[in-house]
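There are 2 protein chains.
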Amino acid sequence: MSRVYNFSAGPAVLPEEVLKEAANEMLDYDGSGMSIMEMSHRTKTFDKVIQDAEADLRDVMNIPDNYKVIFVQGGATTQFAAVPMNLMSKNQKAAYIETGNFSKKAFQEAKMFSDKVRVVASSKDKNYTYIPDCSNLPIDEDDDYVYICENNTIFGTKFHTLPNTKGKPLVSDQSSCFLSEPVDVTKYGVIYAGVQKNVGPAGLAIVIIREDLIKEDADLQFKTPTMLKWKTQIDAKSLYNTPNSWAIYICGKVFKWIKAQGGLEAMKKKNEAKAKILYDYLETSKLFINDVRKEDRSIMNVVFRTGNEELDAKFVAEAKNHNIVTIKGHRLVGGMRASIYNAMPVEGVQALVDFMREFEKENLK
Amino acid sequence: MSRVYNFSAGPAVLPEEVLKEAANEMLDYDGSGMSIMEMSHRTKTFDKVIQDAEADLRDVMNIPDNYKVIFVQGGATTQFAAVPMNLMSKNQKAAYIETGNFSKKAFQEAKMFSDKVRVVASSKDKNYTYIPDCSNLPIDEDDDYVYICENNTIFGTKFHTLPNTKGKPLVSDQSSCFLSEPVDVTKYGVIYAGVQKNVGPAGLAIVIIREDLIKEDADLQFKTPTMLKWKTQIDAKSLYNTPNSWAIYICGKVFKWIKAQGGLEAMKKKNEAKAKILYDYLETSKLFINDVRKEDRSIMNVVFRTGNEELDAKFVAEAKNHNIVTIKGHRLVGGMRASIYNAMPVEGVQALVDFMREFEKENLK
Numbered sequence: 078m079s080r081v082y083n084f085s086a087g088p089a090v091l092p093e094e095v096l097k098e099a100a101n102e103m104l105d106y107d108g109s110g111m112s113i114m115e116m117s118h119r120t121k122t123f124d125k126v127i128q129d130a131e132a133d134l135r136d137v138m139n140i141p142d143n144y145k146v147i148f149v150q151g152g153a154t155t156q157f158a159a160v161p162m163n164l165m166s167k168n169q170k171a172a173y174i175e176t177g178n179f180s181k182k183a184f185q186e187a188k189m190f191s192d193k194v195r196v197v198a199s200s201k202d203k204n205y206t207y208i209p210d211c212s213n214l215p216i217d218e219d220d221d222y223v224y225i226c227e228n229n230t231i232f233g234t235k236f237h238t239l240p241n242t243k244g245k246p247l248v249s250d251q252s253s254c255f256l257s258e259p260v261d262v263t264k265y266g267v268i269y270a271g272v273q274k275n276v277g278p279a280g281l282a283i284v285i286i287r288e289d290l291i292k293e294d295a296d297l298q299f300k301t302p303t304m305l306k307w308k309t310q311i312d313a314k315s316l317y318n319t320p321n322s323w324a325i326y327i328c329g330k331v332f333k334w335i336k337a338q339g340g341l342e343a344m345k346k347k348n349e350a351k352a353k354i355l356y357d358y359l360e361t362s363k364l365f366i367n368d369v370r371k372e373d374r375s376i377m378n379v380v381f382r383t384g385n386e387e388l389d390a391k392f393v394a395e396a397k398n399h400n401i402v403t404i405k406g407h408r409l410v411g412g413m414r415a416s417i418y419n420a421m422p423v424e425g426v427q428a429l430v431d432f433m434r435e436f437e438k439e440n441l442k
Numbered sequence: 078m079s080r081v082y083n084f085s086a087g088p089a090v091l092p093e094e095v096l097k098e099a100a101n102e103m104l105d106y107d108g109s110g111m112s113i114m115e116m117s118h119r120t121k122t123f124d125k126v127i128q129d130a131e132a133d134l135r136d137v138m139n140i141p142d143n144y145k146v147i148f149v150q151g152g153a154t155t156q157f158a159a160v161p162m163n164l165m166s167k168n169q170k171a172a173y174i175e176t177g178n179f180s181k182k183a184f185q186e187a188k189m190f191s192d193k194v195r196v197v198a199s200s201k202d203k204n205y206t207y208i209p210d211c212s213n214l215p216i217d218e219d220d221d222y223v224y225i226c227e228n229n230t231i232f233g234t235k236f237h238t239l240p241n242t243k244g245k246p247l248v249s250d251q252s253s254c255f256l257s258e259p260v261d262v263t264k265y266g267v268i269y270a271g272v273q274k275n276v277g278p279a280g281l282a283i284v285i286i287r288e289d290l291i292k293e294d295a296d297l298q299f300k301t302p303t304m305l306k307w308k309t310q311i312d313a314k315s316l317y318n319t320p321n322s323w324a325i326y327i328c329g330k331v332f333k334w335i336k337a338q339g340g341l342e343a344m345k346k347k348n349e350a351k352a353k354i355l356y357d358y359l360e361t362s363k364l365f366i367n368d369v370r371k372e373d374r375s376i377m378n379v380v381f382r383t384g385n386e387e388l389d390a391k392f393v394a395e396a397k398n399h400n401i402v403t404i405k406g407h408r409l410v411g412g413m414r415a416s417i418y419n420a421m422p423v424e425g426v427q428a429l430v431d432f433m434r435e436f437e438k439e440n441l442k
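First to last, the sequence lines map onto chains A and B. All you need for our numbering is the position in the first sequence, starting with 1, plus 77. All you need for our numbering is the position in the second sequence, starting with 1, plus 77.
Certain hints may be false.
Each pair may be met inside one copy or between any two copies, as identical chains are not told apart.
With a straight-line Cα cutoff of 30 Å, these simulated BS3-like cross-link-like pairs (lysine-lysine) come out [as the list claims (entries may be wrong)]:
no.: 1; residue 1: LYS121; residue 2: LYS391
no.: 2; residue 1: LYS125; residue 2: LYS188
no.: 3; residue 1: LYS181; residue 2: LYS121
no.: 4; residue 1: LYS167; residue 2: LYS333
no.: 5; residue 1: LYS314; residue 2: LYS264
no.: 6; residue 1: LYS97; residue 2: LYS346
no.: 7; residue 1: LYS182; residue 2: LYS167
no.: 8; residue 1: LYS125; residue 2: LYS391
no.: 9; residue 1: LYS300; residue 2: LYS97
no.: 10; residue 1: LYS193; residue 2: LYS292
Keep in mind that the hints were calculated from the coordinates and are not lab data.
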């Protein structure tokens, strides 16, 4: 068995220690005589798994008590609908910032619910290679919320400064930067993330909601499926129906792994160091191009290309011989993408840059 | 490590062979150098996993070509909303048969969408201990569908004869009897099941939909989240967003296990034999009571009680010493429940009955 350097944007690399623990516990979790997959979600044993997971996440992110945390199914994409369904008041009005594919999709979903949803800033003009200035946006007094996708997986950009929402709740899709660095939770109304990028297996989203934003049924504007109502999930402590217990179990292990690594400050330091190796090389490369505005670079997803599709394909193919896999860029932008999440070791990034140098030498004419 | 006899109603016992394979492949699935949990859902390797899973399921259930199969998140509970959202025409009218907790919940969810949804038969009068006569129900010409929960996990009943729907599409929640015996798919409009009872880990539902019932966006009556639209998932072959890839992988293994066991005919034979051991004993027992009408008994969930709550609690506690766990009944009915799904070996049922006999001898006064 040989492990590879897996640069997938998601599902993505997980800590090897976590995988080994999961394998060891597969037939008998903690003396229960069964796998977590076989265990009723109403048992004390599973209750401890989910409660520990929430407690560790709260600890790692320093989540204040007036924020609720839920573990739900359907991925971030289901939250694209849950956000307007749960947050819209009679105004049915919200401001979206368009910085890539996923904020665009979130906007389109919200638009299905209300015509008064609008894009207040966009970086579409330069193919989403930057984050627009959000210091003075046309946010209205009756906007229910302001929406961002904080890290743009496909385009390799990130909000390093949060928008000035003029007092309106900020809703952030943090899927591809979740737990990559410390965040000040108090600056957000709602944070959510599909965990399959930086934290765990696919099939689970974590939603963190400021208490005062939670609506009673009577205040919801649309016919909202019970499972999509945040209040249902909050009241039931994520156990309204059977949750994705396996994913919660794995995420719980990853939270503990992050703590053991030194928490989010340490993750940030490690992630910045990894990203620096790649960006430093890209700045000097005469073959590879990265178009992203320097101050908006993501430290999770680094995109690059040669400008020649055939050469890009050759790079992706040859990379495999160096144990470097899932490095192809998203179909919307082409080229390559290195997703260097928490669990990607610095050795993986170094191996990638070493190969890029070698490839440049051989292919630069 | 010692495995237990796990009578949980779900998540529930899985084949040990499947768990062992999953543990062995945890760090390196099929030479990919990574876990399935780490693998992009857009890779050829995962594509084969999901395509094989669908092909094996179609084979096992003998699903005709004019039925679509999707793997979705949110459990059966999300389908309680998806059913009216996807199936209602302008009539917004449907007939529900109430045979327990989950059909009641499904009805209540549908009621949120339309006042014209109604219960056309119920066994509530006798605490859901039987399946009502459904040979001549007040189904209207403009009903969009007729809804049942085919096996009632909490109450231990099952439809052994499907309702006469007078030509309307039958929608069946098969969560707790899915793949327990052969079914004639052509008798249904829609079959769906949360897999965490008889098939796999929690976090995945399988929906089987007759082609002619799939609606275009323009024909949907309600503002339906993209992720809840069956057509979205069908068109994207369950890959509209990142699916619960781990659960699909495990279910795929279970489908292959079922085939290796001889398919659904063999499962049925084995399941009936296991249920017979329990019911035969219950019929002769002077301590344990099973109220379910004989012809409506479930072969998946067998409920029983002593009629004395303290004695029930004593039974549950002492059962643990015999390696018999998660045998407590649902809080709605109390007593005990033995869920004897496909992966429960006959030895487990025998061990349970042996203990019941012993307990009866010691506690019958």
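* Go through the copies and call it for LYS314 and LYS264: within, between, both or neither, with a Cα cutoff of 30 Å. => Classified as within; 24 Å inside a copy, 38 Å across copies.
* How would you classify LYS97 and LYS346 at a CA-CA limit of 30 Å: within, between, both, or neither? -> within (26 Å within a copy, 38 Å between copies)
* Between the shortest in-copy and the shortest cross-copy C-alpha distance, which are at most 30 Å for LYS121 and LYS391: within, between, both, or neither? -> between (53 Å within a copy, 18 Å between copies)
* To do: With 30 Å as the alpha-carbon cut-off, assign the pair LYS300 and LYS97 to within, between, both or neither.
  => neither (44 Å within a copy, 44 Å between copies)
* Go through the copies and call it for LYS193 and LYS292: within, between, both or neither, with a Cα cutoff of 30 Å. => Classified as both; 20 Å inside a copy, 27 Å across copies.
* Could you place LYS182 and LYS167 in one of the four classes (within, between, both, neither) given a Cα distance threshold of 30 Å? => Result: close both inside a copy and across copies, 23 Å intra and 28 Å inter.
* What label fits LYS125 with LYS391 when the C-alpha limit is 30 Å: within, between, both, or neither? -> between (49 Å within a copy, 24 Å between copies)
* Asked: Within a copy, between copies, both or neither: where do LYS125 and LYS188 come within 30 Å Cα-Cα?
  -> neither (40 Å within a copy, 36 Å between copies)
* 30 Å Cα threshold - placement of LYS333 relative to LYS167 -> This pair counts as neither: shortest intra-copy Cα distance 42 Å, inter-copy 51 Å.
* Up to 30 Å CA-CA - LYS121 versus LYS181, copy category -> between (42 Å within a copy, 27 Å between copies)
The structure shown violates the earlier hints numbered 2, 4 and 9.
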